[in-house]
Amino acid sequence: MNSTLLKMEKINHWFDGEGGNRNLVIHDVNFEMQQGQFVSLVGSSGCGKSTFLKMILGTHPPRQGTVLLNGREILKPCRDVGIVYQKYS
Numbered sequence: 506m507n508s509t510l511l512k513m514e515k516i517n518h519w520f521d522g523e524g525g526n527r528n529l530v531i532h533d534v535n536f537e538m539q540q541g542q543f544v545s546l547v548g549s550s551g552c553g554k555s556t557f558l559k560m561i562l563g564t565h566p567p568r569q570g571t572v573l574l575n576g577r578e579i580l581k582p583c584r585d586v587g588i589v590y591q592k593y594s
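Note that the numbering used here has the sequence shown beginning at 506, numbered continuously upward.
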């Protein structure tokens with residue numbers, strides 16, 4: 506039986522824009538990934554894929570909601586999560 510590795514609950518994230526406007530890039534996302542599961546994240550440019558990954562990485566905490574890794578909330582970067590960029594520049 507696989508256990509939950511990553512869980513994201515009620516995730517919302519936005520960037521503040523000019524004039525107090527919010528650019529909502531992730532809205533009400535719930536996501537769960539089991540140990541040993543392989544997942545792909547696909548979408549058009551600017552849809553929030555990198556922001557989603559940076560929340561898992563711990564470099565961009567969500568404005569609302571929680572990100573849990575093995576039941577522990579990710580609040581900052583940790584040694585248990587890494588990222589390999591497509592272009593290594």
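For the record, the hints were derived by calculation from the structure and aren't laboratory data.
Hints may contain errors.
[Unchecked claim] Below, computed lysine to aspartate or glutamate pairings styled on EDC-like, alpha-carbon distance capped at 16 Å:
no., residue 1, residue 2
1, K554, D533
2, K592, E578
3, K512, D585
4, K515, E537
5, K515, E578
6, K559, D585
7, K554, D585
8, K512, E578
So, going through the hints one by one against the coordinates:
no., hint, verdict
1, K554 - D533, "14 Å, holds"
2, K592 - E578, "29 Å, violated"
3, K512 - D585, "15 Å, holds"
4, K515 - E537, "11 Å, holds"
5, K515 - E578, "13 Å, holds"
6, K559 - D585, "14 Å, holds"
7, K554 - D585, "20 Å, violated"
8, K512 - E578, "9 Å, holds"
Of the numbered hints stated above, those contradicted by the structure are hints 2 and 7, listed in ascending order.
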